[in-house]
Structure formats: structure tokens, C-alpha cells
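Protein chains in written order, with my numbering: chain A, 150 to 444; chain B, 11 to 293.
Be a bit skeptical, because a hint or two may be false.
Unchecked claim - Straight line, CA to CA, 30 Å or less: simulated DSBU-like cross-link-like pairs of lysine-lysine:
hint, chain 1, residue 1, chain 2, residue 2
1, B, Lys113, B, Lys186
2, B, Lys204, B, Lys191
3, B, Lys73, A, Lys292
4, B, Lys262, B, Lys113
5, B, Lys274, B, Lys262
6, A, Lys292, B, Lys274
7, A, Lys292, B, Lys204
8, A, Lys292, B, Lys262
9, A, Lys292, B, Lys152
Claimed, not checked - Example chain B residues on the side facing chain A (calculated, C-beta under 8 Å, incomplete):
hint, residue
10, Ser58
11, Glu171
12, Lys184
13, Lys186
14, Ser188
15, Val194
16, Gln201
17, Pro256
18, Ala292
19, Pro293
Source of the hints: derived by calculation from the structure; they are not laboratory data. Note that beta-carbon positions come from the ideal geometry of N, C-alpha and C, so glycine has one too.
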Amino acid sequence: MLSKASYTQLGSKLDVVVSVVLSVLSFLCAALLCLILWFLISESWTLIASGQWQRFFLDEGWYPLEGLYAMTPMIVASLALTLGAVLIALPIGLACAIYLEFYARGLPKKAFRSLLNLLAGIPSVVFGLWGLTELVPLIAAIKAPGTSVLAGAIVLSLMILPTVALTSAAALSGVNRNTLAGAHALGFTQKTMIIAVAIPSARSGIISGVLLSTARAIGETMVVLMVAGNVVQMPDSLFAPVRALTSNIALEMAYALGDHRASLYASGLLLTLIVWLLAYLASYLNEKSRVFARV
Amino acid sequence: MRVSFRNLLSQASRKFLTKSLTLTVSIGLSVFSNISIAGERLTLTGSSTVAPLALEMAKRYEKNHPDVRINVQTGGSSRGINDARVGLSDIGMVSRGLKDSEKDLTPHVIALDGIGIIVHSSNTVTQLTRDQIVDIYTGNIKNWRQVGGDDVEITVVNKAEGRSTLELFLHFFKLKNSQIKPQVVIGDNQQGIKTVSGNPGAIGYVSIGTAEFEHNRGTAIKLLPMDGEQASVVGVASGDYPLSRPLNLVTKGELNGVTADFIKFVQSDAVSDLIENQFFVAP
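Whole structure, please, built from the sequences with the hints as guidance.
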């Protein structure tokens with residue numbers, strides 16, 4: 150028979166074990182990130198250390214076999230594709246979330262939610278294949294070649310749409326019911342209540358969701374590789390083919406040697422830094438809007 | 011300990027990043043061959059076009075001959091020639107025919123690499139001269155009307171840097187990659203076929219085996235003849251189709267022992283499926 154005291158003792162011993170195990174596991178996760186970073190730096194070090202990294206921004210074009218390593222067009226392309234995708238996905242995703250939280254009832258609500266979940270689970274290569282065989286020819290009919298910033302942004306927006314919709318819906322459902330009841334009591338119409346009360350209160354959750362999707366969009370590789378055209382150039386219109394940083398790595402890594410290889414690792418490093426910057430921005434904005442919401 | 015962990019990590023990341031096992035396996039092979047004490051060792055160096063094929067062949071050979079370790083390293087055809095000549099490697103890998111100055115070495119053709127120019131099946135153009143293809147790829151000809159076709163804008167499909175098909179294409183037409191003005195850049199052959207079959211104005215080039223296979227399956231592409239020669243696997247094998255090159259293993263002096271046995275193996279029917287898998291043509 151165990152006394153009450155030994156139960157507590159056992160409990161606290163378990164606590165120690167669990168906390169040690171959990172600390173080790175979380176430390177390993179963090180260490181993994183550091184190792185990845187160290188690996189990227191060490192593989193691209195020959196180019197960085199020799200001061201040649203400036204050429205990533207100054208060279209005339211991207212012809213690694215001829216010794217030209219300009220990355221600026223690919224950075225701009227990655228950002229343009231991501232921005233386009235978010236601009237398309239945000240209004241539609243928010244509309245889906247509002248429908249889900251305030252208008253849909255019963256079976257349609259359940260069906261709609263599971264459809265969004267299903268959309269989130271479709272592998273990116275399927276989106277890419279659809280984009281390449283269906284969407285690109287449609288755009289090509291307007292302006293050749295069809296593989297373009299527009300095609301990339303549309304397919305990417307479809308991929309991040311469920312994330313935007315589901316996180317926004319979660320944020321909206323988290324709005325204090327009393328606040329909404331208060332708005333009703335003041336005689337607000339449903340429309341005014343949603344626009345003026347619910348969305349501003351859920352703002353931080355919505356922003357987090359959008360930035361989460363942004364990080365996914367900028368890191369997406371297969372889709373962009375298949376539908377964006379992969380020509381290294383500054384996009385001068387929505388119909389211009391572009392190459393994103395991610396597709397560049399996927400396209401050339403298998404055959405790259407020496408400096409060419411190091412430059413690809415450098416573009417991976419650059420991509421990691423951009424995603425980190427976004428993550429930092431997300432937490433900063435989140436913090437700020439939380440303060441704002443409280444006031 | 012630290013070094014071996016780093017190796018492990020870099021291997022895992024490479025695998026993840028390149029989606030290709032080739033390098034990982036080659037590193038793995040080189041590690042194994044360095045530590046194995048007993049048994050025969052064979053070193054192959056040279057062309058990165060030949061290396062993936064040679065690696066697959068080497069893996070099959072090792073399976074049949076557990077006491078032999080084969081080490082495959084890349085570094086370009088010139089390295090293949092040089093290493094075989096000075097004895098740094100047992101066999102050199104060279105993705106072209108041998109020049110007159112290289113006649114001290116013996117070439118052994120293991121496969122042929124050919125590329126086919128493809129356009130959309132609705133395209134009315136039936137053939138293009140070399141100059142026309144150069145003008146299209148450098149952006150001087152922008153509409154199919156200028157080469158006798160319909161009034162459709164041309165979409166130039168090029169390959170990404172480092173691909174052997176790009177290298178062969180540039181070499182054949184005496185172009186530099188920076189002279190080419192593409193509208194689409196593709197990675198593998200399938201992506202090229204999907205891109206061309208989905209765009210009536212597109213022109214591209216892919217490995218001839220893939221192109222012929224897809225064309226026969228009814229995909230909306232058309233192979234253009236080169237210098238009047240029909241583009242086909244048969245044409246590559248017979249040597250009539252000009253846009254092709256031999257993939258060679260080269261050796262110096264008399265063949266003996268494992269080297270002779272390996273060369274005999276890679277020229278036999280036992281590896282023809284490996285050649286086809288990599289979209290090359292068996293000689």
C-alpha cells in the first residue's frame with residue numbers, strides 16, 4: 150500500500166523525468182535548426198569568405214557555368230509570387246472564414262469545413278500538375294508563354310487558401326461572445342458587427358495565419374518550378390516567366406559542382422534568412438496588434 | 011566522431027535537397043571503397059553525364075561480385091581523359107567521341123545520348139535548318155510565320171544549367187547559354203514534354219527516347235528531323251541522326267582483370283534496362 154506522501158513523491162519524480170525528457174527533445178529540435186544553418190554556411194563558405202557574395206547582387210545574370218551568379222532577380226521573383234498569392238488568398242480566405250463562422254449552419258458548415266481540410270491536404274505536386282496542364286494553357290491563350298508570375302501566384306494562392314481560411318475561422322470563433330452580444334444589443338446589423346467588431350478583435354489571429362501561409366508560399370518549390378517558367382529575370386509584368394530561389398535549388402542542385410554548388414547553398418541560406426525575417430515580423434506584428442486589441 | 015556526424019548530416023541534407031540519390035550513393039561508395047581492405051577496387055572518374063549511368067552499372071556489378079568495390083567520381087570529361095592517361099583512375103568517363111590527340115586511349119561506347127527538337131503537334135512547320143533553330147533560340151525569330159508556319163508567337167523552352175541535354179544542345183549549335191533567350195526553363199524531360207504539349211507555339215528539346223515514347227503514346231508533340239534525318243532512337247543507334255553523342259568509358263593500354271570484366275559487363279545486355287531508365291540509347 151502506498152501512502153499519500155509516496156504518491157506525491159512518485160508524482161514529483163515523474164515530473165522530473167518528464168521535464169528532463171521534454172527539455173532534451175526540445176533542445177534537439179532547436180539544435181537541428183542550428184545544424185542546418187551551420188551546414189548551409191559551411192557549404193557556401195568558399196563563396197562567402199572569398200568576398201564573392203557581393204556578386205550575388207552585382208552580376209549581370211545567372212549563368213553559373215560562365216561564372217555569373219546574380220540572385221537579385223530570383224529574390225524579387227520569390228517575393229512577387231508570394232505577395233501575389235497572399236493578395237489573392239487573403240480576401241477569399243477571409244470570406245470563407247466569415248461564411249463558416251457567421252452564416253453556415255448544420256450540414257453545409259460541416260461539409261464546407263471538411264472540404265477546406267481536404268484542400269489543405271492535397272500534395273503540392275498535384276497542384277503543380279493541374280497548373281501546368283490546365284491553368285498555364287489558359288493564360289497562354291491570353292499571352293504566351295503562360296508560365297508566369299500570374300500562374301505561380303494563382304496556384305500558390307489555392308495552396309495557402311485553406312490555411313488562411315481555417316486560421317481566420319479559428320480566430321473569429323475565439324472572439325469573446327459577450328463582445329458580439331454587446332454589438333447585437335447596440336443594434337448593429339450582422340454586417341456591421343462582422344466588419345467593425347469581429348474582424349478587428351480577431352486581427353492578431355488572422356495576421357498570424359497569413360504570415361504562416363506566407364512562409365509556406367515562399368518556401369514552396371514544386372508548384373513554382375512547374376508553372377512559373379524558371380527564366381531568371383526581373384518580372385516586368387504579371388505574364389513574365391520568373392524563377393524563384395527555391396526552384397533554382399531544385400533545378401540545378403543535382404548537377405552542380407564547385408562554385409555553382411556553393412552558390413546554390415548560398416541561395417538556400419538566403420531563403421532561410423528571409424523566412425526568419427518573416428517569422429520575426431509575424432511575432433512582432435502579433436504582439437503589437439494584441440496590445441492594440443486590448444486598448 | 012564529429013567528422014562522421016557531419017558526413018551523415020551532409021548526406022541526409024543532400025538527399026533531401028537534390029531529390030537524387032546519385033551523389034549520396036557515390037559518397038557512400040567512396041567511403042566504403044576507402045575502408046575496404048580486402049578485394050579489388052576500381053576507380054572511375056570523369057563526365058557528370060556518364061557518372062549516374064556508370065554508378066548504376068557499378069552497383070549492379072558489385073551485387074554480382076561482392077569482393078569488388080567501384081568508386082565513381084565526377085569532374086568532367088577532361089578529367090576523365092587525364093586521370094585515365096596518367097593512371098589516377100582505372101577507367102575514365104567521357105561524354106563525347108575521342109579527339110585525334112587522345113588516340114592513346116581506347117574508347118568503349120556504353121550508351122548513346124541523343125536529343126530531339128520537339129514542337130506542338132498542331133504546328134504546321136515540318137522541318138527547321140540549323141540556322142533557323144539558332145535564330146529561334148537567340149530571339150532573332152519570334153514568330154512561326156517567319157519560318158513558314160502559322161502566325162503564332164514562338165515560346166522558347168530551354169533546359170536548366172548543368173543538364174547534359176543543354177550541354178549537348180549548346181555544343182551542337184555552337185551557342186553559349188547566355189545567348190539563349192528562353193521564355194520557359196525546364197528541369198527534366200517530362201516537364202519539357204508537358205510544357206510543349208500544352209503550348210501550341212512552343213519549341214523545346216528533350217532526350218530522344220522520352221520524346222519518341224511520348225509521341226507514340228499520343229501526347230501532343232511532334233519531333234522535327236535534323237539535317238533531313240528522322241529523329242528516332244533507331245537513328246541515334248545507327249549514327250545517322252546528327253544531334254547525338256557517344257558516352258564512352260576510356261582505358262589506357264591492355265585491358266586485364268577486373269577492368270576488362272567490368273567493361274565487358276557494361277557492354278552486355280545485362281545493363282540495357284539501366285541505359286533505358288536514364289533515357290539514353292543502347293549502342
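Lys292 (chain A) paired with Lys152 (chain B) [C-alpha distance capped at 30 Å]: 14 Å, holds
Proposed proximity, Lys262 (chain B) with Lys274 (chain B) (alpha carbon, max 30 Å): Answer holds: Lys274 (chain B) to Lys262 (chain B) is near 16 Å, not above 30 Å.
Hint check: 8 Å Cβ-Cβ cutoff, Ser188 (chain B) to chain A: 5 Å, holds
Holds or violated: Lys292 (chain A) to Lys204 (chain B), with C-alpha atoms at most 30 Å apart: Holds, at about 18 Å.
Satisfaction of hint between Lys186 (chain B) and Lys113 (chain B), Cα-Cα up to 30 Å: Holds - the C-alpha atoms of Lys186 (chain B) and Lys113 (chain B) are around 28 Å apart, at most 30 Å.
Evaluation of the interface hint that places Lys186 (chain B) against chain A, nearest CB under 8 Å: 7 Å, holds
Restraint outcome when Gln201 (chain B) is required to lie within 8 Å of chain A by C-beta distance: Hint on Gln201 (chain B): holds, closest Cβ of chain A at ~7 Å, below 8 Å.
30 Å Cα cutoff - pair Lys292 (chain A), Lys262 (chain B): 56 Å, violated
Hinted contact Glu171 (chain B) with chain A - closest CB pair below 8 Å: Where the cut-off is 8 Å and the nearest Cβ of chain A is about 5 Å from Glu171 (chain B), the hint holds.
Pair hint Lys262 (chain B) and Lys113 (chain B), alpha-carbon separation not exceeding 30 Å: 10 Å, holds
Hint check, Val194 (chain B) versus chain A [nearest Cβ-Cβ separation less than 8 Å]: 5 Å, holds
Straight-line alpha-carbon gap Lys204 (chain B) to Lys191 (chain B), limit 30 Å: 20 Å, holds
In the structure shown, a violation is registered for the earlier hints numbered 3, 6, 8, 12, 17, 18, 19, in ascending order.
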